[in-house]
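S.K.: So you can see what is in the structure, the chains are spelled out below.
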Amino acid sequence: MTVGLTPDRAEASAGGAEPLSARALADAVRRGERRASEVVEEHLAAIEAVDGELGCFLTVTADGARRRAAEIDAEVAAGRDPGPLAGVPVAVKDNLCTTGVATTCASRILEGWRPPYDATVVARLAEAGAVMVGKTNLDEFAMGSSTENSAFGPTRNPHDPSRVPGGSSGGSAAAVAAGLAPLALGSDTGGSIRQPAALCGVVGMKPTYGTVSRYGLIAFASSLDQVGPVARSVADAAALFDVIAGHDPRDSTSLVDVPPACGPAVGAGVQGLRVGLVTELTDAQGVDADVRSRVAEAADALAVAGATVDSVSIPELRFALPAYYLLAPAEASSNLSRYDGVRYGLRVDGDDVADMNARTRAAGFGPEVKRRILLGTYALSAGYYDAYYAQAQRVRTVIIQAFARAYERFDVLLAATTPGTAFRLGEKIDDPLAMYLSDVCTIPTNLAGHPAISVPFGTDSAGLPVGVQILAPALGEPVMVAAAAVLERAAPSTPVPRVAAPTLATAGMPAVGGAR
Amino acid sequence: MSAPAGWEAVIGLEVHCELRTATKLFCGCRNEFGAEPNTHVCPVCLGLPGSLPVLSTAAVELAMRIGLALHCEVRPSVFHRKNYFYPDMPKDYQVSQYDEPINVAGYLDLPDGSRVGVERAHIEEDTGKTSHVGDTGRIHGAGYALVDYNRAGVPLVEIVSEPGITSATQARLYASELRAILVASGASDGRMEEGSMRVDANVSVRRVGDLELGTRCEVKNLNSLRSLSRAVDHEIGRQVAIVEGGGRVEQQTRHWDEDRGCTVTLRSKEEAYDYRYFPEPDLVPLAPDAAWVEDVRSSLGPMPADRRRAVVALFGAGGASDARADQVATVVELGLDHLVVAAAGAGIEPALALARTANEAAADAAAAREVDPAAYTALLQMEQRQELSATQAKAVLAELVTGGGAPVEIARRMGFEALAAGSLAEVVAAVVAEHPGEWERFCGGEAKLAGFFTGHVMRRTEGKANGKAVAAELAKLQG
Ligand SMILES: [Zn+2]
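Order-wise, the sequence lines are chains A and B. According to the working numbering, the residues represented by the first sequence are 73 to 588, in order. According to the working numbering, the residues represented by the second sequence are 3 to 481, in order.
If we strip away everything but chain B, and leave its shape as in the complex, we get (with noise of 0.2 Å):
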C-alpha cells in the first residue's frame, strides 16, 4: 500500500542483525540463542568491575561481509560508549560506533527494480533481557524482574537505510531482501521471530511536491514482516489525519501494538536521552587493512540481486515474464536457485526447473538445500524426458527432498517405473484396434476422444503411462 492521494511518506529503516559468531563480540562466552538464564555470562559481558573488552575479529570480519554485500565503503572506525542507565546493560552504557562507523554508503537494489540508500552499517553489543515477574504480566504491576545475561553482549551490526522508502510495501521489500542478504552472506540467521533480527522504522509525511520534511516518529517493537507492513501503513495513516485535522505530528518513539493493531506513544522528544557518546577509552579503533577487505570482498559469493539475474538470465534474451518473477524471488530468497541453474545448465526447460523448485521443493526448504543438484538434475530429466508423469515426477522429488537417493531408485521403489517408449506404443496400438469406431471419429476430428484412449491405456499401464506420451502416440497413429 501507500500513500493516501496527495501524501507522500518518507520512511528510513534501522535494522538490527545478530551476527552468526561462536562468541560475543568482546569475550569467549558462547553466542547460542535459547540456553538457560545467565549460563553464558562471564566478569565481561557482565561488567564487572575491572573488567575489559577485546573485540572479536570474527565479528569484525562478519560485519565487513554485511558492509560489502551492501556495496558500502569499509573504514577505519571508532567504538563510541552510549551512556543510559538500563537495568539490561551491565555498564549502563552500550560499546556502539557513532560518527565513524565500519561501513558506509552503501545501497540495496530490491526485487521490484527500486534501489535503497544504505547510510552506515555498525557494529554494536546487544543488551541483556528482562522479565517482568507477577500478576498482570505487564511492566506496571509486576512483582519484581528478572534479567537474563546471556544476550548481553552479543554482536550486532545495526544497518541504516536512508529515508528513500515510501510505502509500507517497500518498506517490506527493504527488510525481506535485507535478510536474504544477511543470510546469503552468512552473517545471520536473519530470523525476526527469534530477535537476531529487529526492525524499528522512522516514518514522516509530507504533501506530494513539498521539499521540506516532516516530524518523524519511529516506531519499535516490529517483530515481523507483516508487523512492519502494518505498523508502517498504521502510522502513515495517523500522521496524515493529524495533519489534515489541521494538527502538528510530534517527534516521537511509538510502539507497535500487534494485537490492537495501532502504535501507542512510548516517550516524546523531551523525555528522549541525551547519551553522552564518547570514545571508548577501552578499546583501540578498528583499521582493517586493505588485504583484509579484499580477503572477505572476495570470499562473498553472490547476492540475491545477482542470483535473480542469474536465473532470469535461463529465459533468454526476453527473461522471465512477471508472471515468473515470483518464483524466482522465491528461489532464491529460499537458497535453492542452484538448483534452477544447474538444472537448466544439463538441459531442463528453465521453466520446468524454476516451477519443481519454486513450488515443491520450497515446500521444504531447509532440506532440499542439502539435495545434490545432480540428483535433482536426473529427477527433473526424467520428466522431461516423460518417463515419469508429472504427478509421478512431484512424488519422487518429495522423497528426494526428505530422504536423497538416486530418482532412478526412489521411481523404482515408488512402483513409477516407467514404461519403455517401445512397449508404451504396442499398448496405444492394441487400445486402437479395440475400437475401430471410435478411432474412425476421432481421425474425423473429434479431438476429444483422446481422452476416451488414453483413459483406456492408463488403465491398462495401471496409471504408469505419461499422458503427453499417450498423446504423441496417437498423434503418429493418426500419420
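Chain A on its own, in the form it takes in the complex (with noise of 0.2 Å):
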C-alpha cells in the first residue's frame, strides 16, 4: 500500500499541505529534508510541556522513539525508503499491545503487565517507518465515553482542560489535537474513536470491520471492536488506514480481500453523490441545537459540492443503544473473565483461588467495568439469555436490514457524531445512562459493522469543537473519506487548542478549515 508523496491537490488549494500533517512530515523525512530524530525530539518536547496538564500519555516511550527515529535515518542515509510514514510520531492507545511496553488498559489489573508480543496494527506501523511516541489513555478496558473510568486519572480536553476530551480514545485524540503527534490509533466498539475525535476537534474513522486486524487488541466486546486513525486531517487518517488496513491471518474475523485504498480517494469530491441525512442521528431528542445547526450546514455544503441531499429516516437505529447495552457487556464480562491473578498483572491473596480471583478483581476492576461484567453477566444467564442476548442480537439484525435498506438509496448517510459538545469532568460521571448516551448516534455503525468517520465542522456557542458523521455501507471507506475531505474543506475553522505543542500554536492552525 502506498499514500500519496505530494500534498494532494484539494489541500494545495486550500492553501497547502499543512507543514505538521504526517504525509508533509514523511514526505520531507523520506526526502531527506528533514531528520526522523528531529521531528520526533520536538514531538517529545511537546509532550513533556504540555502532557502534565493534558494527561494524554500512560507511557511515553521516549527512549523507543529516539533509537527508531535513528534507525530511520540511518536507513535515508543510505538510499532505502523506511515507508509512506517514515518518521511520522504516533501515540498508540494502551489497550494494543506493544512488545515489552506496558499495557494497561488504564486497569490496575494489567499494571506492570508488558506483552510479550505487538499487535499487528502496531507491527504495521513500524514497517511503515512510523516512530511510537508512547501509550495513550483511556476509559478502563475501553468502557466510557469521557476516559475519566482510567485507573491512572482522566485526560483533558485540550480546547479546555475543564472538560473531558470523550472516551474512551481521548488520550489518542486529546494527543492529536494538541500537537503531541500527527497520528494516534484508537479503538472503536461503539464510538470510542469518532466520539473523542468530535470532542477534540478532530479527525477520527472508524473502519469496516473486519478491515483492520484486531490481533493485539486487548477485546472489550470482540464482535464491535475495530482499530482505526485519529487524525487532523482526512487524508492524514486515510493515509494511516491504508498502513493498518489488511488481511492478518492471526485474526480470523479479519477479512480476506484487501481493502481498497483510501489515500487516492481524498480528493474524489461528492458530485453526484446520494446523500441522506439520517433523521434520527441529527433531530434525536437530546442532540444539541448547536450541533443539529453544524450538521444543516454540512448537508448544505455537501449539496453545494455537487451531492444530492435528502433526508431518510431510520426508525430502527432507536433500538441501537439499548441493545448495544446487552452485547457488549455480554461480550465483556467473558473477555475479561481472564484477569484472575493466575498468571499475570495484579493479584490480591485470598484464602483459596476462588477467593484470590474474587479479591484480585474486586481490587482490579474499576466500578464502571464491574458494572458492565455484571451487565453482562446477568445478560448471559440461564433463563435471561433468550430475553436479553438473543433478543439483542435480533435487534442487531434488524438495524443491518434497515441500513441495508437507506443504502440502497444513499451512497452515504449524514449524522451528528455525539449530541453535544465536550461535558465537564465529572458531570455525568455518576449517571452512566447520561454518559451512555453520548455514544446514542456512533452506536448503530459498530452493530453493523459499518465504516463510519467524524469531522471536525464548526463550534458551538461557546467555542466548542462539533464533530459531524459520514456512514458508508461495509468497505465504503473511499466515498466515506471523499464525503469527509469535501466537509472539512468546507468546515468553518477551528480554534487551536487552548493547551497544545507550541509548534502547533505558531503554526496558526490545526489541518482542518482555512479555506474560507
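You may find that some hints are simply not true.
Here are the computed distance ranges between Cβ atoms for each label pair [to be verified]:
#1 A:Arg477 with B:Glu75: 54 to 60 Å
#2 A:Ala462 with B:Pro375: 55 to 61 Å
#3 B:Ala289 with A:Arg390: 33 to 39 Å
#4 B:Leu215 with A:Gly184: 52 to 58 Å
#5 A:Thr171 with B:Leu215: 53 to 59 Å
#6 B:Arg250 with A:Thr171: 41 to 47 Å
#7 A:Thr171 with B:Ala147: 46 to 52 Å
#8 B:Tyr86 with A:Asp421: 18 to 24 Å
#9 A:Ala462 with B:Asp291: 25 to 31 Å
#10 A:Val420 with B:Pro304: 55 to 61 Å
#11 B:Gly115 with A:Val420: 56 to 62 Å
#12 A:Thr171 with B:Ala400: 38 to 44 Å
#13 A:Thr171 with B:Gly36: 54 to 60 Å
#14 B:Pro6 with A:Val420: 39 to 45 Å
Far from chain A, some chain B residues (derived; all Cβ distances over 12 Å) [unchecked claim]:
#15 Ser53
#16 Arg83
#17 Val162
#18 Asn204
#19 Glu220
#20 Leu338
#21 Val373
#22 Ala408
#23 Gly481
It is worth saying that the hints were derived from the structure and are not from the lab. Note that beta-carbon positions come from the ideal geometry of N, C-alpha and C, so glycine has one too.
With the hints in hand, could you dock these two chains into one complex?
M.R.: Dropping the structure here:
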C-alpha cells in the first residue's frame, strides 16, 4: 500500500499542506529534508511541555522512539525508503499490545504487565516507518465516553482542560488535537474513536469490521471492536488507515480481500453522490441545537459541492443503544474473565483460588468495568439469555437490514457524531445512563459493522468543537473519506486548542478549515 | 455384569479424545505429551490479553474423521464459549461447540451385536493441568499449585452417546470399541493412561417396566476400561440401594475413587455451574463443504466392525465359531487383522492364521503391525506344509516380529531346517524295520504305539521332524 507523496491538489488549493501533517512530515523525512530524530525530538518536547496538564499519555516511550528515529535516519542516509509514514510520531492507545512496553488498558489489574508481542497494527506501523512515541490514556478497558474511567487519572480536553476529551480513546484524540503526535491509533466499539475526535476537534475513523486486524487489541467486545486512525486531517487519517488495513491470518474475523485504498479517494469529491441525512441521528431528542445547526450546514456544504442530499428516517436505529448495552457487556463479561490473578497483572492473595480470583478482581477493576461485567453476566445467564442476549442479536440483524435498505437509496449517510460538545469533568460520571447516551449517534454503525468517520465542523456557541459523521456501507471507506474531505474543506475554522504544542500554536492552525 | 433383578440401568458415556494433530487447536504450538512444563505455549494458548484464536484445519479434519467413522452427519457448526473460572483454563472460558456441533446422529456397532446411538461428537479445546504441591498430596492442605499450560488448547473431540447403554459390561465394550475406532480413523492414539482418552459416565436406574428415567449422576475420573466398568457397577448398586431403602437419588457429579472402589460426591446440582454459553465472536462459523466431507469419508479405511466381519467371512458361510469371536475381536483391536486376511487369501487355513495372529503375533502387537504380510504368510505356509512344527513356527514367528527377515532364513538360522519329505520317510521306515514286534502290535490296533515310533524318529532327527508328518508316514506304511 502506498500513499501520495505530494500534498493532494485539494489541500494545495486550500492553502498548501499543513506543515505538521503526517504526510508532509513523512515526505520531508523520505526526501532527506528533515531528520526523523529531529521530528521525534520536537514531539517529545511538546509532550514534556504540555502533557502534565492534559494527561494524554500513560507511558512515553522516549528512548524507544529515539532509537527508532535514528534507525530511520540511517535508512534514509543509506538510500533506502523507510516507508510511507517514515519518521512520523504516532501515539498508540494503551489497549494495543506493544512488546516490552507496559500495556494497561488504564486498569490496575494489568498494571506492570509487559506484553511479549506486538499487536498487528503496531507491527504494521513500524513497517511503515512510523515511530511510536507513547501509549495513550483511555477509559478502563475502553469502557466509557470521557476517559474519566482511567485508573490512572483523566485526560483533559486541549480546548478546555476543565472538560473531558471524550472517550474511550480520549488520550489519543487529545494528543493529536494538542499536536503531541500527528497521528494516533484508537479503538472504536461504540464510538470510542469518533466521539472523542468530535469533542477534541480532530478526525476519527472507525473502519469496516474486519478491515483492520484485532490481533493484539485487548478485547472489550470482540464483535464490535475495531482499531482506527485519529488524525488532524482526513487525508492523514486515510494514510494511516491504508497502512493498518489488510488481511491478518492471526485474526479469524479479518476480511480476506484487501480493502480498497483510501488515500487516492480523498480528493474525489462528491459530485452526484447521494447523501442521506439520518433523522434519528440528527434531530433525535438530546441532540443540542448547535450540533443540529452544524449538521444542517454540513448537508448544505455537500449539496453545494454537487451531492444530492435528502432526509432519511431509519426508525430501527432507536433500538441500537439498548441492544448495544446488552451485547457489548455480554462479550466483555467473558473477555475480562481472564484477569483472575493467576498468570499476570495484579494478584491479591486469598484463602483459596476462588477467593484470590474474587479479591483480585474486586481490587483490580474500576466501578464502570464491574458494572458492565455484572450487566453482561446477567444478560447471558440461564433463563435470561433469550430475553436479553438473543433478543439483542435479533435487534442487531434488524439494524443491519434497515441500513441495507437505506443504502439502496444513498451512497453515504450524514449524521451528528455526538449529541453535544465536550462536557465538564465529573458532569456525567455519576450518571451512567447520561454517559451512555453520548454514544447514541455512533453505536449503530458498530452494530452493523460499517465504517464511519467524524470530521470537525465548526463549534458550538461556547467555541467548543462539533463533529459531524459520514457513514458508509461495508468497505465504503473510499467514498466515505471523499465526502469527509469535502466537509473538511467547507468547515468553519476550528480554534487552536488552548493547551497545545508550541509548534502547533505557531503554525496557526490545525489541519482542518482555513478555506474560508 | 448387569443391574440387580427387577432393575435396569440407563447409561450414557461422554468420551473426550485428544486429537493427534501436530499443533494445537487455535495456535501453532506443538501438541505433544510429556514435554517440560510450559514449553509448548504462546500468547494464544496462554490466553494473553489481545490474542485471538485461529482454527486448525487439521483438527477439523480429524473431528470429521471421527464423526464419519461413527456414521454421523457432518453439519455446519458454531463455536461457543463455556464460561467458568478455573486456573487451568487460561481465558477462564473454554471454546467448545454447544447447540450446533459438527457431528450429530451417529451410532456405534459393538462386537456383541448391539448398537449404541451417538448423539454428537463436537470439537473443543483442552485445559492445562494443575499440580498441587504440599505435604499431604491432596488439594486441601497443599502449599501451592503449579499449572502447566502445555495441554491448554490441545484439540479434543467429545463423543456423547445416547443413554442407550444398559450395563457396565456394555459400557466397557462401547468404550473399547470407540477406542478402536479412534485409533483406526487416525484421529487419536486412544491412550487412557496418558489421558488422551477420558471417559465420564452418566448413570441412572429405574425399575424394569418404568418409562420415566431415574435421576442421573455423572461419574468422573475413569482412567481405564477397568475403572469404567467397576465404577458403573458400583454406581448402579449404590443407586438401587438408595431407592430400595426408600431414598431418592440426588443429581450429582461424583468422583470414582479407584483405591477405595467407590464413587464420592464432587458437587451437587445446586453447585452446578451456569456456563453462560454464547457464540465465540473471535471465530467464524465452520461449514465444511460437501467436497471436503466426501474427501475425508473416502480416505477413511474400514472400521473395526467392518474388519471383524471381513475376518469372520474367511470362515465361510457358517462364520467363525463363538470360541473364535474373541480372537477376531483381538486381532482387529490390535490392528493385526490384515495379516489374517492376507494369509487366508494365500491359502492358509483361516483357523491357523487367526490363532497364530491372536495368540503369538498379538504378544508384541506394535512390532507385529510392521511385519511384511508376505513374509508372515510364507511362515504360515511352512507350518501348514509341515516343514515346521507348531513349536518351531511359533519360535520363528517371534523372531520375524522382532527382527523381520525371510522366515526360511530365520528357520535355518535357528536350526529348524525341515526334513525333506523323502528323508523323513526313510527314517520312519528304518525305525519300523528295527522294531518289528512293536510294529506288528501297532498294526494289530495298539494305536498308542504311535508315540513310541514318533519318539524314536524325533530322537534320530534331533527334533526336526514334524509330528503330524511322522503320523502320516506311519499310516502310509500301514497301507
Ligand atoms: Zn500456543
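S.K.: For each hint, tell me whether it holds in the structure or not.
M.R.: Against the structure, the hints come out as follows:
Roughly 37 Å separates the CB atoms of Arg477 of chain A and Glu75 of chain B, a value that falls outside the hinted 54 to 60 Å. A hinted range of 55 to 61 Å for the beta carbons of Ala462 of chain A and Pro375 of chain B is consistent with their spacing of about 58 Å. Checking the proposed 33 to 39 Å range against Ala289 of chain B and Arg390 of chain A shows it holds: the Cβ atoms sit about 34 Å from each other. Between Leu215 of chain B and Gly184 of chain A the beta carbon distance is about 53 Å. The supplied range of 52 to 58 Å therefore holds.
The hinted window of 53 to 59 Å between Thr171 of chain A and Leu215 of chain B holds, with their beta carbons roughly 56 Å apart. The hint said 41 to 47 Å for the Cβ distance between Arg250 of chain B and Thr171 of chain A, and at roughly 59 Å that hint is violated. Our hint of 46 to 52 Å for Thr171 of chain A and Ala147 of chain B is violated, since their Cβ atoms are close to 29 Å apart. Checking the proposed 18 to 24 Å range against Tyr86 of chain B and Asp421 of chain A shows it holds: the Cβ atoms sit about 22 Å from each other.
At about 28 Å, the beta-carbon gap between Ala462 of chain A and Asp291 of chain B stays in the expected band of 25 to 31 Å. Range check, Val420 of chain A to Pro304 of chain B: about 58 Å between beta-carbon atoms, so the 55 to 61 Å window is met. A hinted range of 56 to 62 Å holds for the C-beta pair Gly115 of chain B and Val420 of chain A, which are about 60 Å apart. Between Thr171 of chain A and Ala400 of chain B the beta carbon distance is about 59 Å. The supplied range of 38 to 44 Å is therefore violated.
One distance hint, 54 to 60 Å for the beta-carbon pair Thr171 of chain A and Gly36 of chain B, is violated here, with the actual separation near 31 Å. Our hint of 39 to 45 Å for Pro6 of chain B and Val420 of chain A is violated, since their Cβ atoms are close to 53 Å apart. Chain A draws Ser53 of chain B into its interface by the beta-carbon criterion, the shortest separation being 7 Å against a cut-off of 12 Å. With 12 Å as the threshold on Cβ separation, the claim that Arg83 of chain B sits away from chain A is violated: the shortest Cβ distance comes to roughly 5 Å.
Every CB of chain A is more than 12 Å from the CB of Val162 of chain B (nearest about 20 Å), matching its label as outside the interface. Distance to chain A confirms Asn204 of chain B as a non-interface residue, since its nearest Cβ pair spans about 20 Å, more than 12 Å. Under the 12 Å C-beta cut-off, the non-interface status given to Glu220 of chain B relative to chain A holds; the minimum distance is some 18 Å. No Cβ of chain A approaches the Cβ of Leu338 of chain B within 12 Å, the least distance being about 43 Å, so the stated non-interface status holds.
Against the 12 Å criterion, Val373 of chain B stays outside the reach of chain A, whose nearest CB is about 44 Å from its own CB. For Ala408 of chain B, the requirement that its beta carbon stay farther than 12 Å from each beta carbon of chain A is met, with the minimum near 52 Å. No beta-carbon of chain A is positioned within 12 Å of the beta-carbon of Gly481 of chain B; the least distance is around 85 Å.
Checked against the numbered hints above, the structure violates hints 1, 6, 7, 12, 13, 14, 15, 16; every other hint is satisfied.
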